[in-house]
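Could you build all of it, start to finish, from the sequences and the hints given here?
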Amino acid sequence: MLLALVFVLPAQAGASSAEAPAFSLKNLQGGQDSLSDYRGQVILLNFWATWCRPCRAEMPSMERLWQAYRGQGLAVVAVSTDNGGEARVRNFARRLDLSFPILLDPDNRVSDAYQVSAVPVSFLIDRQGRIVARILGSKDWFSGAALQQVEMLLRQ
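In terms of our numbering, the sequence shown opens at residue 1 and continues consecutively.
Simulated from the structure, these hints should not be mistaken for laboratory data.
Be aware that one or more of the hints could be misleading.
Only pairs whose alpha carbons sit at most 20 Å apart, straight line, appear in this in silico SDA-like list of lysine to any residue [to be verified]:
1) Lys26 - Ser99
2) Lys26 - Leu136
3) Lys26 - Gln148
Label-pair ranges, simulated between beta-carbon atoms [what the hints assert, rightly or not]:
4) Ser36 - Asn108: 28 to 34 Å
5) Met152 - Ala87: 37 to 43 Å
6) Gly84 - Arg155: 18 to 24 Å
Predicted, not measured: the structure shown is a model, and the values here were computed from it.
A virtual CB, placed ideally from N, CA and C, is assigned to each residue, including glycine.
See below:
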């Protein structure tokens, strides 16, 4: 049985309504993705690693969420904290048939900027680039509660 510790901080909590730290990271296609590339969209920003079982468990639900809502202004962006090489991350994404953007942060520069000390951790970022929620632990992103959070942000 997989148990996950989940905390959701509402936008009213001081630190969670801060501007999301800007970044630019290499993607699996060899290019660069920046946070600003997703400006104007609701962003699910997920920090994860291939060795993390809870991370692997939540990835299929992130893919379902991405497929269902990307046409409505949702961006799902996964930042790998693996330092074991790009090939490992690429193989992982291929095995799970993931189509959302996966970025590489092997030196944890971006993870540190987001104060990530354990994975998985996710951030919901509104269309104005503000962090409105920080979620610690694995989550079923295609569940009722998660869908409600995402749909609420998409309506704003």
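To see whether the hints hold, each was checked on the structure:
Of the supplied pair hints, the one linking lysine 26 and serine 99 holds, its CA atoms being roughly 16 Å apart against a limit of 20 Å. Of the pairs offered as hints, the one joining lysine 26 and leucine 136 is violated, with about 24 Å between alpha carbons and a cut-off of 20 Å exceeded. Distance restraint check for lysine 26 and glutamine 148: the Cα-Cα separation of roughly 31 Å exceeds the 20 Å cut-off, and the hinted pair is therefore not satisfied. Remark: the range hint 28 to 34 Å for serine 36 to asparagine 108 is contradicted by a beta-carbon distance near 21 Å.
Take methionine 152 and alanine 87: their Cβ atoms lie about 38 Å apart, and the range 37 to 43 Å holds. The hinted range of 18 to 24 Å is not satisfied by glycine 84 and arginine 155, whose Cβ atoms lie roughly 40 Å apart.
Violated hints for the displayed structure, listed by number in ascending order: 2, 3, 4 and 6.
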